[in-house]
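Each protein sequence line maps, in turn, to chains B and V.
Quick note: the first sequence uses our numbering, first residue 88, plus one each step.
Quick note: the second sequence uses our numbering, first residue 88, plus one each step.
No lab work stands behind these hints, which were simulated from the structure alone.
Owing to the predicted nature of the structure, the values given are computational and were not obtained by experimental measurement.
Heads up, some of the hints might be wrong.
[What the hints assert, rightly or not] Quick partial rundown of chain V residues pointing at chain B, CB under 10 Å, derived from the structure:
#	residue
1	Ile109
2	Val121
3	Gly143
4	Trp155
5	Asn192
6	Leu230
7	Trp242
[Stated by the list, open to error] Listed next, the stretches of chain V that the computed footprint assigns to chain B, with coverage defined by at least 3 CB atoms under 8 Å from CB atoms of chain B:
#	segment
8	178-189
9	194-201
10	215-229
Here a beta-carbon is modelled for each residue, glycine too, at the ideal position from N, C-alpha and C.
Number of protein chains: 2
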Amino acid sequence: MIVLKRMVLEEGLMTSITLNPIGVVRSPLKQGPVKDRRTVVSEIILDKGFAGGARGLEEFSHIYVLYWAHRARARRKTSLMVNPAGRTDVAPVGVFASRSPHRPNRILQSIVEVLERKGNVLRVRGLDALDGSPVLDIKPYDLFDVIDNPRMAAWWLQIHDQCSVKRK
Amino acid sequence: MIVLKRMVLEEGLMTSITLNPIGVVRSPLKQGPVKDRRTVVSEIILDKGFAGGARGLEEFSHIYVLYWAHRARARRKTSLMVNPAGRTDVAPVGVFASRSPHRPNRILQSIVEVLERKGNVLRVRGLDALDGSPVLDIKPYDLFDVIDNPRMAAWWLQIHDQCSVKRK
C-alpha cells in the first residue's frame with residue numbers, strides 16, 4: 088500500500104512507498120562481504136500467501152531476485168560517494184554507479200540460476216543475499232536483458248578479474 | 088528508514104519497508120501499455136539532493152532503472168496469476184514469472200542506454216516508465232549481468248518476435 092504521508096521534493100510532489108516482503112532468504116551466507124556468490128546455493132522461502140505467484144518461474148533458467156539489504160548499516164545520511172567494492176585504492180564513485188548496499192533505497196538485486204521450485208520454496212544458485220534477507224520481488228531474466236558488449240567504467244574492469252567474469 | 092510496525096508472516100518476523108523516491112521520470116510515454124520502449128528517449132530527474140550519487144554513471148553504457156508503477160491499478164488483493172502481456176490467448180502464469188506491473192510490490196525495472204548526464208539529469212534510451220514514475224534506484228549494468236543463452240519459458244518465445252529480440 089502507499090503511505091499517504093506526502094513530501095514535497097524539488098521535482099514536485101512525491102509519495103513515500105511502503106513495501107511488504109514476499110518472502111525470506113535462507114542462505115549459508117551469514118555475514119558480508121560476499122567474496123564469490125556464484126557457487127552459493129540458497130533457498131527463497133516465499134510467504135505461503137504468495138506461493139501461487141511463483142508458478143512457472145522454473146521455466147526460466149535465470150531470475151532476478153530483488154531483496155532488502157537488512158544488514159547494511161543504517162545511517163542517518165547515506166553517503167553519495169562510495170569506494171567500489173570497499174577498495175580504498177579505487178577513487179570513490181557515485182553510489183548509483185555502484186552496487187554498494189549502502190544506498191538511499193537499499194534494494195539489492197541478483198541474477199540467479201533457478202535450480203528447483205517446490206511450491207513456495209525456490210532453490211537458486213548465485214544469490215549474494217545474506218541469510219534472513221527480506222525478498223521484495225522476483226522477475227524472469229529474459230532475452231532483452233542480454234546486452235551485447237556493454238561498456239564498463241575503467242574502475243570496474245580494474246577491480247574485476249576478467250577470467251572470473253568469463254567463468255560466470 | 089524502516090517502519091517499526093512489524094508483521095508476523097509464516098516465515099517469521101518481517102518488517103515492512105518504506106522507500107523515498109530519489110527522482111522522477113520525464114517521458115513522452117503518458118499512458119500504457121508501452122508497445123516498444125527501445126527507441127523511447129526519456130529523462131530521469133534526480134532530486135538535487137541525490138545528484139552526487141549519479142557521478143560516473145555515464146562511464147557505463149547501460150544502467151538498471153528501478154521505478155515504481157505509480158499508475159498500476161491499486162487493488163485490494165493483487166492477483167497472483169497473470170496473462171503474459173495481457174494476452175488472453177496465453178495461459179496465465181505466476182506474477183513473479185512475468186514482468187506485469189500489477190505485482191505485490193510494484194517495483195519495475197528497465198535496462199536502459201545512457202545517452203548523457205548533466206548534473207542531476209540523465210538522458211536515457213529504452214525506458215518503459217510512464218511520465219511521472221517515481222525512481223527508486225539506479226545501478227550499473229555489468230558484465231556479470233550478461234547471461235549466455237538463458238532459457239525462456241515457451242510462452243515467452245511464443246509472444247515475442249524473435250527478430251525484435253535480435254534488434255535489441
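Hint by hint, here is what the structure shows:
1. Ile109: Cβ of Ile109(V) sits 5 Å from chain B, so the hint holds.
2. Val121: 13 Å, violated
3. Gly143: 4 Å, holds
4. Trp155: 6 Å, holds
5. Asn192: 5 Å, holds
6. Leu230: Constraint on Leu230(V) satisfied, holds at 5 Å.
7. Trp242: It holds, given that the least Cβ distance between Trp242(V) and chain B is near 8 Å, below 10 Å.
8. 178-189: holds (count 7)
9. 194-201: holds (count 3)
10. 215-229: holds (count 8)
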